[in-house]
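Input sequences plus hints: build the corresponding full structure.
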Amino acid sequence: MSINVRTAVAGLALVVVALPTGASAAAPATLGAAAAAKGRTFGAGVTAAKLADSAYVGILDREFSSVTPENEMKLDATEPQRGQFSFGPADRVVQHAQARGMKVRGHSLLWHSGQPGWLQSLTGPVLREAMLNHVTQVAAHFRGQVVSWDVVDEAFADTGGRRRDSNFQRTGDDWIEAAFRAARAADPGAKLCYNDYNVEDWASQKTQAVYAMVRDFKQRGVPIDCVGLQSHFGFGIPYPASYRTTLSSFAALGVDVEISQLDVVGSGAEQAGTYRRVVEDCLAVARCTGITVWGVRDTDSWRSSGTPLLFDGAGNPKAAYDAVLAALTSRPCGRPR
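The sequence shown runs -25 to -1, 1 to 312 under mature numbering (1 follows the signal peptide of the UniProt record, and there is no 0).
Note that these hints are calculated values from the structure, not bench results. It is possible that part of the hints are untrue.
The following label-pair restraints were derived from C-beta to C-beta distances [said to hold, decoys possible]:
1. 287 - 148: 42 to 52 Å
2. 118 - 74: 37 to 47 Å
3. 138 - 101: 16 to 26 Å
For glycine and all other residues, C-beta sits at the position ideal for the given N, C-alpha and C.
Given below as C-alpha coordinates:
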(Lines of atoms letter the chains of each structure in order from A and count residues from 1; the text may use other names and numbers.)
(Lines give C-alpha, C1' and ligand atoms only; values in the text may rest on other atoms or scores of the structure.)
Protein backbone atom coordinates (compact mmCIF):
# COMPACT_ATOMS: atom_id res chain seq x y z
CA MET A 1 0.00 0.00 0.00
CA SER A 2 1.44 3.39 -0.95
CA ILE A 3 2.03 6.12 1.62
CA ASN A 4 -0.67 8.28 0.00
CA VAL A 5 -3.23 5.49 0.22
CA ARG A 6 -2.27 4.78 3.81
CA THR A 7 -2.61 8.47 4.62
CA ALA A 8 -6.00 8.61 2.98
CA VAL A 9 -7.21 5.53 4.86
CA ALA A 10 -5.90 6.93 8.13
CA GLY A 11 -7.66 10.20 7.40
CA LEU A 12 -10.92 8.39 6.78
CA ALA A 13 -10.48 6.51 10.02
CA LEU A 14 -9.95 9.76 11.86
CA VAL A 15 -13.12 11.17 10.31
CA VAL A 16 -15.10 8.09 11.32
CA VAL A 17 -13.74 8.25 14.86
CA ALA A 18 -14.41 11.98 15.05
CA LEU A 19 -18.07 11.78 14.03
CA PRO A 20 -19.46 10.46 17.31
CA THR A 21 -17.52 13.11 19.21
CA GLY A 22 -19.00 15.82 17.02
CA ALA A 23 -22.48 14.37 17.36
CA SER A 24 -22.12 14.29 21.13
CA ALA A 25 -20.89 17.87 21.23
CA ALA A 26 -23.96 18.96 19.29
CA ALA A 27 -26.33 17.60 21.95
CA PRO A 28 -28.07 20.25 24.07
CA ALA A 29 -25.84 21.03 27.03
CA THR A 30 -28.32 22.73 29.39
CA LEU A 31 -31.67 21.81 30.88
CA GLY A 32 -33.53 24.52 28.99
CA ALA A 33 -31.97 23.68 25.64
CA ALA A 34 -32.50 19.95 26.08
CA ALA A 35 -36.14 20.45 27.04
CA ALA A 36 -36.67 22.83 24.12
CA ALA A 37 -35.41 20.14 21.75
CA LYS A 38 -38.29 18.01 23.05
CA GLY A 39 -40.81 20.85 22.73
CA ARG A 40 -40.91 21.50 26.48
CA THR A 41 -39.79 24.16 28.91
CA PHE A 42 -37.60 23.55 31.93
CA GLY A 43 -37.98 26.24 34.55
CA ALA A 44 -37.20 27.21 38.11
CA GLY A 45 -39.02 28.88 40.95
CA VAL A 46 -37.38 32.27 41.46
CA THR A 47 -37.32 34.92 44.17
CA ALA A 48 -36.67 38.55 43.31
CA ALA A 49 -34.25 39.12 46.19
CA LYS A 50 -31.88 36.47 44.88
CA LEU A 51 -31.53 38.18 41.51
CA ALA A 52 -28.79 40.19 43.21
CA ASP A 53 -26.81 36.97 43.79
CA SER A 54 -24.47 36.54 40.82
CA ALA A 55 -23.93 32.81 41.41
CA TYR A 56 -27.68 32.21 41.59
CA VAL A 57 -28.32 34.26 38.46
CA GLY A 58 -25.49 32.54 36.61
CA ILE A 59 -27.13 29.14 37.05
CA LEU A 60 -30.62 30.49 36.39
CA ASP A 61 -29.68 32.22 33.15
CA ARG A 62 -27.56 29.36 31.85
CA GLU A 63 -29.80 26.39 32.61
CA PHE A 64 -33.46 27.39 32.60
CA SER A 65 -35.93 28.49 29.93
CA SER A 66 -38.76 29.67 32.18
CA VAL A 67 -39.29 31.16 35.62
CA THR A 68 -42.08 31.10 38.17
CA PRO A 69 -42.07 33.79 40.87
CA GLU A 70 -42.29 31.85 44.12
CA ASN A 71 -44.10 34.51 46.18
CA GLU A 72 -43.92 37.84 44.37
CA MET A 73 -47.28 37.51 42.57
CA LYS A 74 -49.25 36.15 45.52
CA LEU A 75 -52.05 38.09 47.12
CA ASP A 76 -50.23 39.45 50.16
CA ALA A 77 -47.37 40.66 47.96
CA THR A 78 -49.44 42.33 45.24
CA GLU A 79 -52.35 43.83 47.23
CA PRO A 80 -51.13 44.45 50.79
CA GLN A 81 -53.88 47.03 51.30
CA ARG A 82 -57.28 46.83 49.68
CA GLY A 83 -57.18 48.50 46.29
CA GLN A 84 -53.48 49.40 46.66
CA PHE A 85 -51.37 47.23 44.40
CA SER A 86 -47.62 46.67 44.58
CA PHE A 87 -45.85 44.98 41.68
CA GLY A 88 -42.19 45.96 42.14
CA PRO A 89 -40.64 42.58 43.05
CA ALA A 90 -42.85 40.69 40.58
CA ASP A 91 -41.97 43.16 37.84
CA ARG A 92 -38.26 42.58 38.52
CA VAL A 93 -38.64 38.84 38.02
CA VAL A 94 -40.64 39.33 34.82
CA GLN A 95 -38.20 41.89 33.42
CA HIS A 96 -35.23 39.64 34.18
CA ALA A 97 -36.89 36.79 32.31
CA GLN A 98 -37.97 38.90 29.36
CA ALA A 99 -34.47 40.31 28.88
CA ARG A 100 -33.16 36.76 28.52
CA GLY A 101 -35.91 35.24 26.42
CA MET A 102 -37.32 33.17 29.27
CA LYS A 103 -41.01 32.41 29.64
CA VAL A 104 -42.88 33.38 32.81
CA ARG A 105 -45.49 31.33 34.66
CA GLY A 106 -47.76 33.54 36.77
CA HIS A 107 -48.14 32.14 40.30
CA SER A 108 -50.64 32.46 41.89
CA LEU A 109 -53.73 34.64 41.75
CA LEU A 110 -55.75 33.06 44.57
CA TRP A 111 -54.52 30.94 47.48
CA HIS A 112 -56.07 30.21 50.85
CA SER A 113 -52.79 31.06 52.60
CA GLY A 114 -50.66 34.18 52.50
CA GLN A 115 -53.64 36.53 52.63
CA PRO A 116 -53.34 40.07 54.01
CA GLY A 117 -55.36 40.93 57.08
CA TRP A 118 -57.77 43.18 55.24
CA LEU A 119 -58.91 40.30 53.03
CA GLN A 120 -59.25 37.89 55.94
CA SER A 121 -61.67 40.30 57.59
CA LEU A 122 -64.12 40.21 54.67
CA THR A 123 -66.96 37.76 54.14
CA GLY A 124 -69.78 36.96 51.73
CA PRO A 125 -70.44 39.13 48.67
CA VAL A 126 -67.90 41.75 49.78
CA LEU A 127 -65.16 39.13 49.87
CA ARG A 128 -66.24 37.73 46.51
CA GLU A 129 -66.09 41.19 44.95
CA ALA A 130 -62.63 41.86 46.39
CA MET A 131 -61.43 38.43 45.28
CA LEU A 132 -62.50 38.92 41.68
CA ASN A 133 -61.17 42.47 41.58
CA HIS A 134 -57.79 41.16 42.69
CA VAL A 135 -57.77 38.56 39.93
CA THR A 136 -58.73 41.18 37.37
CA GLN A 137 -56.19 43.79 38.43
CA VAL A 138 -53.19 41.47 38.76
CA ALA A 139 -53.89 39.52 35.57
CA ALA A 140 -54.44 42.77 33.67
CA HIS A 141 -51.16 44.24 34.97
CA PHE A 142 -49.21 41.29 33.56
CA ARG A 143 -51.38 40.82 30.48
CA GLY A 144 -49.27 39.55 27.60
CA GLN A 145 -46.22 39.04 29.83
CA VAL A 146 -46.92 35.58 31.24
CA VAL A 147 -47.57 32.40 29.29
CA SER A 148 -49.79 30.92 31.99
CA TRP A 149 -51.46 31.65 35.30
CA ASP A 150 -51.95 29.45 38.31
CA VAL A 151 -55.37 31.01 38.80
CA VAL A 152 -56.26 28.99 41.89
CA ASP A 153 -53.79 27.16 44.11
CA GLU A 154 -54.47 24.34 46.57
CA ALA A 155 -58.26 24.58 46.85
CA PHE A 156 -58.84 20.94 47.84
CA ALA A 157 -58.46 19.32 51.26
CA ASP A 158 -55.72 16.77 51.77
CA THR A 159 -58.15 13.93 52.49
CA GLY A 160 -61.65 12.93 51.55
CA GLY A 161 -61.82 14.56 48.13
CA ARG A 162 -63.47 17.69 49.50
CA ARG A 163 -62.90 21.37 48.86
CA ARG A 164 -60.70 23.06 51.44
CA ASP A 165 -62.67 25.06 54.02
CA SER A 166 -61.29 28.49 53.11
CA ASN A 167 -62.78 31.97 53.21
CA PHE A 168 -63.03 31.82 49.41
CA GLN A 169 -64.90 28.51 49.54
CA ARG A 170 -67.39 30.02 51.98
CA THR A 171 -68.43 32.55 49.33
CA GLY A 172 -69.93 29.67 47.32
CA ASP A 173 -68.92 26.54 45.41
CA ASP A 174 -68.62 28.51 42.18
CA TRP A 175 -65.73 30.65 43.38
CA ILE A 176 -63.10 28.74 41.38
CA GLU A 177 -65.15 28.99 38.21
CA ALA A 178 -65.69 32.71 38.80
CA ALA A 179 -61.95 33.22 39.25
CA PHE A 180 -61.13 31.44 35.99
CA ARG A 181 -63.68 33.49 34.08
CA ALA A 182 -62.30 36.72 35.53
CA ALA A 183 -58.74 35.70 34.65
CA ARG A 184 -59.71 34.91 31.06
CA ALA A 185 -61.35 38.30 30.66
CA ALA A 186 -58.32 40.11 32.08
CA ASP A 187 -55.59 38.18 30.24
CA PRO A 188 -57.17 36.29 27.33
CA GLY A 189 -53.86 35.16 25.83
CA ALA A 190 -52.57 33.35 28.91
CA LYS A 191 -53.06 29.67 29.63
CA LEU A 192 -55.15 29.25 32.79
CA CYS A 193 -54.18 26.52 35.25
CA TYR A 194 -55.37 24.92 38.44
CA ASN A 195 -52.40 24.02 40.66
CA ASP A 196 -52.19 21.66 43.65
CA TYR A 197 -50.03 19.22 45.64
CA ASN A 198 -50.66 15.55 46.44
CA VAL A 199 -52.53 15.08 43.17
CA GLU A 200 -49.85 12.89 41.61
CA ASP A 201 -51.25 9.49 42.66
CA TRP A 202 -54.14 8.57 40.38
CA ALA A 203 -55.81 6.49 43.10
CA SER A 204 -56.02 9.26 45.69
CA GLN A 205 -59.36 10.87 46.50
CA LYS A 206 -57.85 14.32 46.14
CA THR A 207 -56.62 13.57 42.62
CA GLN A 208 -60.02 12.21 41.66
CA ALA A 209 -61.78 15.27 43.06
CA VAL A 210 -59.58 17.65 41.06
CA TYR A 211 -60.05 15.48 37.98
CA ALA A 212 -63.85 15.65 38.39
CA MET A 213 -63.71 19.44 38.68
CA VAL A 214 -61.58 19.81 35.55
CA ARG A 215 -63.84 17.42 33.62
CA ASP A 216 -66.89 19.43 34.71
CA PHE A 217 -65.24 22.70 33.71
CA LYS A 218 -64.33 21.38 30.27
CA GLN A 219 -67.84 20.04 29.72
CA ARG A 220 -69.42 23.37 30.66
CA GLY A 221 -66.98 25.62 28.84
CA VAL A 222 -65.29 27.10 31.90
CA PRO A 223 -61.94 28.46 30.63
CA ILE A 224 -59.38 26.06 32.11
CA ASP A 225 -56.36 25.15 29.99
CA CYS A 226 -54.01 23.23 32.22
CA VAL A 227 -53.42 21.47 35.51
CA GLY A 228 -50.25 21.94 37.53
CA LEU A 229 -49.00 18.99 39.58
CA GLN A 230 -46.65 20.42 42.20
CA SER A 231 -44.80 17.10 42.64
CA HIS A 232 -43.03 17.47 45.98
CA PHE A 233 -41.52 14.02 46.54
CA GLY A 234 -39.46 12.33 49.23
CA PHE A 235 -39.61 12.49 53.05
CA GLY A 236 -42.74 10.40 53.31
CA ILE A 237 -44.13 11.34 49.90
CA PRO A 238 -43.21 8.49 47.53
CA TYR A 239 -43.10 8.79 43.78
CA PRO A 240 -46.32 7.05 42.68
CA ALA A 241 -46.24 4.28 40.09
CA SER A 242 -49.40 5.82 38.62
CA TYR A 243 -47.81 9.23 37.95
CA ARG A 244 -47.83 8.82 34.18
CA THR A 245 -51.45 7.63 34.32
CA THR A 246 -52.36 10.80 36.21
CA LEU A 247 -50.63 13.00 33.65
CA SER A 248 -52.24 11.24 30.70
CA SER A 249 -55.69 11.13 32.30
CA PHE A 250 -55.79 14.88 32.86
CA ALA A 251 -54.42 15.41 29.35
CA ALA A 252 -57.22 13.26 27.93
CA LEU A 253 -59.69 15.86 29.22
CA GLY A 254 -58.22 18.35 26.77
CA VAL A 255 -55.93 20.28 29.11
CA ASP A 256 -52.16 20.59 29.26
CA VAL A 257 -50.33 19.28 32.31
CA GLU A 258 -47.33 20.92 33.90
CA ILE A 259 -45.01 19.67 36.61
CA SER A 260 -45.09 22.93 38.46
CA GLN A 261 -43.00 22.82 41.67
CA LEU A 262 -40.82 19.73 41.47
CA ASP A 263 -38.42 18.82 44.23
CA VAL A 264 -37.24 15.48 45.61
CA VAL A 265 -35.91 15.21 49.16
CA GLY A 266 -32.88 12.92 49.25
CA SER A 267 -29.50 12.49 47.62
CA GLY A 268 -27.42 10.34 45.33
CA ALA A 269 -28.73 7.61 43.07
CA GLU A 270 -32.16 7.35 44.69
CA GLN A 271 -32.90 11.04 44.24
CA ALA A 272 -31.50 10.97 40.71
CA GLY A 273 -33.69 8.01 39.85
CA THR A 274 -36.85 9.80 40.94
CA TYR A 275 -35.96 12.88 38.93
CA ARG A 276 -35.28 10.69 35.91
CA ARG A 277 -38.67 8.98 36.20
CA VAL A 278 -40.46 12.32 36.44
CA VAL A 279 -38.83 13.52 33.24
CA GLU A 280 -39.49 10.26 31.42
CA ASP A 281 -43.15 10.31 32.40
CA CYS A 282 -43.54 13.91 31.25
CA LEU A 283 -41.88 13.15 27.93
CA ALA A 284 -44.22 10.20 27.41
CA VAL A 285 -47.31 12.43 27.59
CA ALA A 286 -47.69 14.77 24.64
CA ARG A 287 -49.57 17.40 26.62
CA CYS A 288 -47.02 17.56 29.43
CA THR A 289 -45.60 20.88 28.31
CA GLY A 290 -43.02 21.70 30.95
CA ILE A 291 -41.23 21.00 34.20
CA THR A 292 -40.41 23.57 36.87
CA VAL A 293 -38.14 22.76 39.80
CA TRP A 294 -38.98 24.71 42.94
CA GLY A 295 -35.75 26.62 43.35
CA VAL A 296 -32.25 26.74 41.90
CA ARG A 297 -29.83 25.46 44.58
CA ASP A 298 -30.51 23.27 47.60
CA THR A 299 -29.95 26.25 49.87
CA ASP A 300 -32.64 28.23 48.03
CA SER A 301 -35.32 25.60 48.68
CA TRP A 302 -38.16 25.75 51.19
CA ARG A 303 -37.06 22.16 51.99
CA SER A 304 -33.36 23.02 52.14
CA SER A 305 -32.52 20.49 54.87
CA GLY A 306 -33.62 17.75 52.48
CA THR A 307 -31.25 18.84 49.68
CA PRO A 308 -34.09 18.45 47.14
CA LEU A 309 -32.89 20.30 44.04
CA LEU A 310 -30.54 19.79 41.09
CA PHE A 311 -27.67 21.99 42.30
CA ASP A 312 -26.00 21.86 45.70
CA GLY A 313 -25.54 24.90 47.91
CA ALA A 314 -22.29 25.79 46.16
CA GLY A 315 -24.00 25.70 42.77
CA ASN A 316 -22.51 22.41 41.62
CA PRO A 317 -24.71 20.10 39.54
CA LYS A 318 -25.68 16.93 41.40
CA ALA A 319 -26.31 13.38 40.23
CA ALA A 320 -29.96 14.40 39.90
CA TYR A 321 -28.96 17.07 37.38
CA ASP A 322 -27.06 14.52 35.30
CA ALA A 323 -30.06 12.17 35.39
CA VAL A 324 -32.46 14.88 34.24
CA LEU A 325 -30.20 16.00 31.41
CA ALA A 326 -29.65 12.41 30.29
CA ALA A 327 -33.39 11.74 30.28
CA LEU A 328 -34.08 14.90 28.29
CA THR A 329 -31.47 14.13 25.66
CA SER A 330 -31.97 10.41 25.18
CA ARG A 331 -35.65 9.56 25.23
CA PRO A 332 -38.13 9.76 22.32
CA CYS A 333 -41.18 11.72 23.33
CA GLY A 334 -44.68 12.77 22.42
CA ARG A 335 -44.71 16.27 20.98
CA PRO A 336 -46.83 18.87 22.78
CA ARG A 337 -49.89 19.98 20.86
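Exercise. Please test the hint of 16 to 26 Å on the beta carbon pair from residue 138 and residue 101.
Key: Holds - the Cβ-Cβ distance for residue 138 and residue 101, about 21 Å, lies within 16 to 26 Å.
### Task
Look at the Cβ atoms of residue 287 and residue 148 and judge whether their distance stays inside 42 to 52 Å.
With Cβ atoms ~45 Å apart, the hint holds.
ask   = Is 37 to 47 Å a correct range for the gap between the Cβ atoms of residue 118 and residue 74?
value = Given range 37 to 47 Å: violated, Cβ gap about 19 Å.
Of the numbered hints listed earlier, the single one contradicted by the structure is hint 2.
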